Amino acid sequence: MRTSKVKANPPKALGAGNSKDVTLELRLYVAGQTPKSLIALKNLTKICEEHLQGRYRLHVIDLVKTPQLAQNDQILAIPTLVRNLPPPIRKIIGDLSDAQRVLVGLDVRSQAK
Amino acid sequence: MARASKRKTAAASRACPRLKKSPSGIGGFDEISGGGLPTGRPTIVCGGPGCGKTMFAMEFLIRGATEFSEPGVLMTFEETGEEMSRNVESLGFNMQSLVDKKKLFLDYVRIEPSEVQEIGEYDLEGLFVRLQHAVESVGAKRVVLDTVEAIFSGFGNAGMLRAEIRRLFRWLKDRGLTTVITAERGAGTLTRYGLEEYVSDCVVSLDHRVNEQISTRRMRIVKYRGSSHGTDEYPFLIDKKGFSVLPLSSIRLDHKVSKDRISSGIKDLDAMLEGRGFFKGSSILVSGTSGSGKSTVAAHFANETCRSGKRALFIAFEESSAQVTRNMRSVGINLGQYFQKGLLKFHASRPTQHGLEMHLLRIHELVDEFNPEVVIVDPITNLVSENLNEVHAMLMRLLDFLKDRQITAMFTTLTANRGAEEQTEVGISSLTDTWILLRDLELHGERNRCLYVLKSRGMAHSNQIREFVLGRIGVRLLSAYVRSGTVYTGSARLAQEAREKAESLREQQQLEEKRKEFSARRDVLELQISALRSELSSGEAEFARLTRQRNERQQRLALDREEMGKVRGVTPANEVVNS
Numbered sequence: 001m002r003t004s005k006v007k008a009n010p011p012k013a014l015g016a017g018n019s020k021d022v023t024l025e026l027r028l029y030v031a032g033q034t035p036k037s038l039i040a041l042k043n044l045t046k047i048c049e050e051h052l053q054g055r056y057r058l059h060v061i062d063l064v065k066t067p068q069l070a071q072n073d074q075i076l077a078i079p080t081l082v083r084n085l086p087p088p089i090r091k092i093i094g095d096l097s098d099a100q101r102v103l104v105g106l107d108v109r110s111q112a113k
Numbered sequence: 001m002a003r004a005s006k007r008k009t010a011a012a013s014r015a016c017p018r019l020k021k022s023p024s025g026i027g028g029f030d031e032i033s034g035g036g037l038p039t040g041r042p043t044i045v046c047g048g049p050g051c052g053k054t055m056f057a058m059e060f061l062i063r064g065a066t067e068f069s070e071p072g073v074l075m076t077f078e079e080t081g082e083e084m085s086r087n088v089e090s091l092g093f094n095m096q097s098l099v100d101k102k103k104l105f106l107d108y109v110r111i112e113p114s115e116v117q118e119i120g121e122y123d124l125e126g127l128f129v130r131l132q133h134a135v136e137s138v139g140a141k142r143v144v145l146d147t148v149e150a151i152f153s154g155f156g157n158a159g160m161l162r163a164e165i166r167r168l169f170r171w172l173k174d175r176g177l178t179t180v181i182t183a184e185r186g187a188g189t190l191t192r193y194g195l196e197e198y199v200s201d202c203v204v205s206l207d208h209r210v211n212e213q214i215s216t217r218r219m220r221i222v223k224y225r226g227s228s229h230g231t232d233e234y235p236f237l238i239d240k241k242g243f244s245v246l247p248l249s250s251i252r253l254d255h256k257v258s259k260d261r262i263s264s265g266i267k268d269l270d271a272m273l274e275g276r277g278f279f280k281g282s283s284i285l286v287s288g289t290s291g292s293g294k295s296t297v298a299a300h301f302a303n304e305t306c307r308s309g310k311r312a313l314f315i316a317f318e319e320s321s322a323q324v325t326r327n328m329r330s331v332g333i334n335l336g337q338y339f340q341k342g343l344l345k346f347h348a349s350r351p352t353q354h355g356l357e358m359h360l361l362r363i364h365e366l367v368d369e370f371n372p373e374v375v376i377v378d379p380i381t382n383l384v385s386e387n388l389n390e391v392h393a394m395l396m397r398l399l400d401f402l403k404d405r406q407i408t409a410m411f412t413t414l415t416a417n418r419g420a421e422e423q424t425e426v427g428i429s430s431l432t433d434t435w436i437l438l439r440d441l442e443l444h445g446e447r448n449r450c451l452y453v454l455k456s457r458g459m460a461h462s463n464q465i466r467e468f469v470l471g472r473i474g475v476r477l478l479s480a481y482v483r484s485g486t487v488y489t490g491s492a493r494l495a496q497e498a499r500e501k502a503e504s505l506r507e508q509q510q511l512e513e514k515r516k517e518f519s520a521r522r523d524v525l526e527l528q529i530s531a532l533r534s535e536l537s538s539g540e541a542e543f544a545r546l547t548r549q550r551n552e553r554q555q556r557l558a559l560d561r562e563e564m565g566k567v568r569g570v571t572p573a574n575e576v577v578n579s
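Chains D and W are the protein sequences, given in the same order. In this text, residue positions in the first sequence follow our numbering: the first is 1, and each later residue adds one. In this text, residue positions in the second sequence follow our numbering: the first is 1, and each later residue adds one.
Isolated chain D (complex conformation) (with noise of 0.2 Å):
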């Protein structure tokens, strides 16, 4: 119940035409070596070299190795992908496991049509 509440979240106004020239920002937050996290990257790297070739930018942080950066981007859970840029800041936590709703999530739908 809450999914769907987020999926209805998006707002239109950020649509398609945006996403398209602006180079997106990503961070994916991880915990060290864990299932979630492998299993978050390779869905991730999957996504973005489907349907965002050469549109964006991946940081993955290993918040064990610098614990300090979760505090900026109020990281709680792990996995999380955050996306700074273009704002507004947008958060997706879990193992991305639906490509869809990451787009949507992120707002680049369209781009994988």
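Hints listed in this document are in silico derivations from the structure and should not be mistaken for laboratory results. Careful: at least some of the hints might be erroneous.
[To be verified] Beta-carbon label-pair distances, calculated as ranges: (1) D:V60 x W:A158: 22 to 32 Å; (2) W:E233 x D:K65: 44 to 54 Å; (3) D:V60 x W:D174: 49 to 59 Å.
[As the list claims (entries may be wrong)] Facing chain D, from chain W, some residues (calculated, C-beta under 10 Å): (4) D107; (5) E112; (6) E118; (7) I119; (8) G120; (9) E121; (10) G126; (11) V129; (12) N448; (13) Y452; (14) V453; (15) L454.
Since the structure is predicted, the reported quantities are computational estimates derived from the model, not experimental observations. Beta carbons: idealized from backbone N, C-alpha and C, even for Gly.
Fit chain W to the given chain D structure using the hints.
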């Protein structure tokens, strides 16, 4: 969980509070909890909104950092660090300086469900990473999670959340962090999300209720595994000095006792108490109807205490200090001089100004500040609210507190006119050591004050009812004027005295008359005696004369014979023999 239950049984088998505790530094809490919060274990502080949960947690943390050199981590889920420091600044804590000195680490966890989307599986490792980082960066011993249950509103996966919360508490325990977790009260449960199921070492419940338009905050230790603790609801306050729990010492009943005496300031009253006054550190109740002189007795006591160079604290609920000073001047007591010397401290406030606990706390604070030897509360009856039990409990705590410090306490209490005088409204008579009863006797169209010592533990006190007279030079207790089975007081006493005086005068006059009468008789008798005596002496003279005459006659006879013998030629020897 298995481990937790093992701990429980281990603690139970030991059956003594050997559990290590971390002092919270919160006034009063460490006393009722027997030393503080369980070291290295999580404690839940729960309560409704605005009941002081965060304050409790903050003070625990800040006192830990400043007083017990245990650095702390504050992880707040509701307020930012800045807001938090501003909140506690009003209580005189400077959080920023602690942060700068690396004694405190602040982490504000913001949970914004609207900007987060959940896709697939996740856990809260990020929280652990942050916590670990915070703990390591200051070497924390204490952790506060302010309303950790906020995460329940931030994430959809309830099953995962429960597992993570359980893991969090385990994590905190394993690292030996003394943790305070605040939680909102739920409907019918201690916490809304049932956190107490996970943490069951120590649960403190805070409460805030309004009674008769006066609010009181209360604290109760619901549970403290492996330790004895005070189980009552203790009132507490958040004031300019932070959090204070009352009372400080109501668990024990082992006050020191003193054999020293302290004068009541009324010589005649001391005389009724074995001539030496009250025991030091005892509690004295002065009860009486209105206008029976309770405040005057209290003022005498204050006066005497200050006169002997000791400090007295006078807590007045009816009169201002100026008024008491003026009024007591009329009975010859000058309290003003002791204000100047700093021996007497006056605290006047309206009973309705605060709730009971606030009054109690003020008294505690004043005693702490002023360190008096004598505390006088005049009158205690004014504190009586609807809830008598509450008052009783409060007074008991106050008495305990004062006794524990060997402070002699005098309370005055108003009894209802013509009611059962021997039953104080507050029902504290059984708690006090000495009970002085002032009562009015209405006789012969006037009211007169009487005083007697109803009880005084540990001494052979007088059982006499004495008349209590207020004069220009203070109080005097007149000896009971008992004649033919009646105690006379006031003008009846004066009348009786006059009557008796007249009677004795008359007796004296009678005696004088008798004396005169007798002396007249004595004169007569003495005359008679002297007459008899002269008669006797004249008789004696006669006898002597006769004897003399006879002797002379015989001598002459003898001479005659001699002459005659010479004439006849007879020897005188023969003549003598014959004669």
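How the hints compare with the structure:
1. Judged by the Cβ atoms, the range 22 to 32 Å given for D:V60 and W:A158 holds: they are separated by roughly 29 Å.
2. Distance hint check for W:E233 and D:K65: the Cβ-Cβ separation is about 49 Å, which falls inside the suggested range of 44 to 54 Å.
3. The hinted range of 49 to 59 Å is not satisfied by D:V60 and W:D174, whose Cβ atoms lie roughly 29 Å apart.
4. Taking 10 Å as the C-beta cut-off, the interface hint given for W:D107 holds, the closest approach to chain D being about 6 Å.
5. Residue-level restraint check for W:E112 holds (minimum Cβ-Cβ distance to chain D is 8 Å; threshold 10 Å).
6. For the restraint placing W:E118 at the interface with chain D, the shortest Cβ-Cβ distance is roughly 5 Å, inside the 10 Å limit, so the hint holds.
7. Annotation: W:I119 was flagged as interfacial toward chain D, and the flag holds, the nearest CB pair being 4 Å apart, inside 10 Å.
8. For W:G120, the shortest C-beta to C-beta distance to chain D is roughly 3 Å, which falls under 10 Å, so the interface hint holds.
9. A cut of 10 Å between beta carbons decides the hint on W:E121: the least distance to chain D is about 5 Å, and the hint holds.
10. About 4 Å separates the beta-carbon of W:G126 from the nearest beta-carbon of chain D, less than 10 Å, and the hint is met.
11. Taken as an interface hint, W:V129 checks out: its beta carbon lies about 4 Å from the nearest beta carbon of chain D, inside 10 Å.
12. Because the beta carbon of W:N448 sits about 79 Å from the nearest beta carbon in chain D, more than 10 Å, this interface hint is broken.
13. Checking W:Y452 against chain D by beta carbon gives a least distance of about 73 Å; that is not within 10 Å, so the hint is violated.
14. With its C-beta approaching chain D no nearer than about 70 Å, W:V453 sits outside the 10 Å limit, and its interface hint is violated.
15. Checking W:L454 against chain D by beta carbon gives a least distance of about 68 Å; that is not within 10 Å, so the hint is violated.
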